[in-house]
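Trainee: Next come the chains, spelled out residue by residue.
There are 2 protein chains.
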Amino acid sequence: MTSQQRVTAAVMIIGDEILSGRTQDTNLSAIAKYIGTYGVDLAEARIVPDDEDEIVTALNHLRGKYDYVITTGGIGPTHDDITADCVAKAFGVALYEHPEIIAMMESRWKTELNAARRRMARVPEGGSLVKNPVQGPPGFQIGNVFVLAGVPSIMRGMLEDVGPRLKGGAVVIARTLRVDGSGEGNIAAPLEGVAKAHPNLSLGSYPFFSNEGYGSNLVIRGRDLAEVEATVTELSAALRDAGINGLTLLDTPG
Amino acid sequence: MTSQQRVTAAVMIIGDEILSGRTQDTNLSAIAKYIGTYGVDLAEARIVPDDEDEIVTALNHLRGKYDYVITTGGIGPTHDDITADCVAKAFGVALYEHPEIIAMMESRWKTELNAARRRMARVPEGGSLVKNPVQGPPGFQIGNVFVLAGVPSIMRGMLEDVGPRLKGGAVVIARTLRVDGSGEGNIAAPLEGVAKAHPNLSLGSYPFFSNEGYGSNLVIRGRDLAEVEATVTELSAALRDAGINGLTLLDTPG
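Respectively, the protein sequence lines represent chains A and B.
What the first sequence shows, in the working numbering, is residues 1 to 254, in sequence order.
What the second sequence shows, in the working numbering, is residues 1 to 254, in sequence order.
Please note: incorrect hints may appear among the correct ones.
Said to hold, decoys possible - Under the rule of at most 16 angstroms between Cα atoms (straight-line distance), these lysine to aspartate or glutamate pairs were calculated in the EDC-like manner:
| no. | chain 1 | residue 1 | chain 2 | residue 2 |
| --- | --- | --- | --- | --- |
| 1 | B | K131 | B | E160 |
| 2 | A | K33 | A | D241 |
| 3 | A | K65 | B | D53 |
| 4 | A | K131 | A | D161 |
| 5 | A | K196 | A | E234 |
| 6 | B | K65 | A | E54 |
| 7 | B | K65 | A | D53 |
| 8 | B | K196 | B | E234 |
| 9 | A | K167 | A | E100 |
| 10 | A | K131 | A | E100 |
| 11 | B | K167 | B | D67 |
| 12 | A | K65 | B | E54 |
No wet-lab data here; the hints were simulated from the structure.
Can you build the whole structure from these sequences, using the hints too?
Mentor: Here it is as structure tokens:
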């Protein structure tokens, strides 16, 4: 693997509650930022309903196309929690009750487990567990697919056991140049000129408007720190040459 | 169309800034709730990068599978704003400069428009405009696809001109029964029993945990108000029969 090779992941968010608008997803951006620190780019995301055919079809597509797939949601004990069944079906393997999960839950509940709780102990054959340091049973990994909880605090806890398993590429470095008081209509030409000179980089413009003013955040992203930083300087010069001032290099990499 | 027929939509969020985790999307839930009031169900969502092939392929798939597609993002004046080009390519038509948009922008900017601003006036042949009551040029509709801005305040303004064009089905009614102090492991069996008796309805369980306590929100969704409300009563009784109390019917439909 060269330092420039791109390693990609897709996120599949499983849940009618996201599609109904009832729940605002926050897992996507948390996963994107987290895997980014391991040099894995989030290349696509899908939000699918609690429907077996939809989940199986999407998962088989995504796991073939990207290096990794991370799913969230649908691993609880209720009838609408069908993720484990769907993942097993996608891989063409059976589910079994994982003895470690059974033991963990028996110790937690101090009683014989009912059928609903036993559902949460099911893991596809060939899968390994993903630790849950927060609450409840673990997630699992099978092949290049990581199956995590949907509850954000639990999902974030599980991610800590995903990162070390990722074979990432070079980490993307981002710098944000904030432009105050100029619209994208004026920024576009100098920005495009610099973007065309750096096909290895991604240059994006994200306008903002508020009562305090307007402008755009220009984000320069790439895997070569020196090129990214030189491009910030080059873009600043190109903007000033076009009569655009009010530039601030934001500290927080975007 | 019968009152039970389901009318579906997909959302396609276009933007590297969502996939990088830099920007937290809020458009999806806003669109889901808005189209829901017109009797259109959000059936799937995809988040795709600023990449022509990815956008064209996804759009052609989604517009064939669902009644409507709503896209957000990528309609500004900068080089990474490629949505109009991609939509035209997906439909196999050319883009043209819409005279109304040119006139609108000339009046706004009081000067000859530069090339970047003229980009925002481009609409696919056969398309119609979607009003932008907030700021900047309009979106457009072509066939069953609506192309909206990515900035949330502008996107929401444009949605007001989308709703009246939707031919929706019966509106989904949702009721949320909050259960305090019981875990999903105990709720699962009575919930599943009621869900199986009502295959026309969708019953979901969304657990919550906080320092104040734990429990789950049980959401009953369907198109027949009488059946939804009768099922709330039936589910409450089934939970109490299973020794589960702490039930509250939330006023806000979820």
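Trainee: State for each hint whether it applies.
Mentor: Cross-check of the supplied hints:
1. B:K131 to B:E160: Roughly 8 angstroms separates the two Cα atoms, so the pair holds.
2. A:K33 to A:D241: At roughly 34 angstroms apart (the allowed maximum being 16 angstroms), A:D241 and A:K33 break the hint.
3. A:K65 to B:D53: holds, 14 angstroms
4. A:K131 to A:D161: holds, 6 angstroms
5. A:K196 to A:E234: holds, 12 angstroms
6. B:K65 to A:E54: Within the cut-off at roughly 12 angstroms; holds.
7. B:K65 to A:D53: holds, 14 angstroms
8. B:K196 to B:E234: holds, 12 angstroms
9. A:K167 to A:E100: violated, 27 angstroms
10. A:K131 to A:E100: This hinted pair holds, its Cα atoms lying about 11 angstroms apart.
11. B:K167 to B:D67: holds, 9 angstroms
12. A:K65 to B:E54: holds, 12 angstroms
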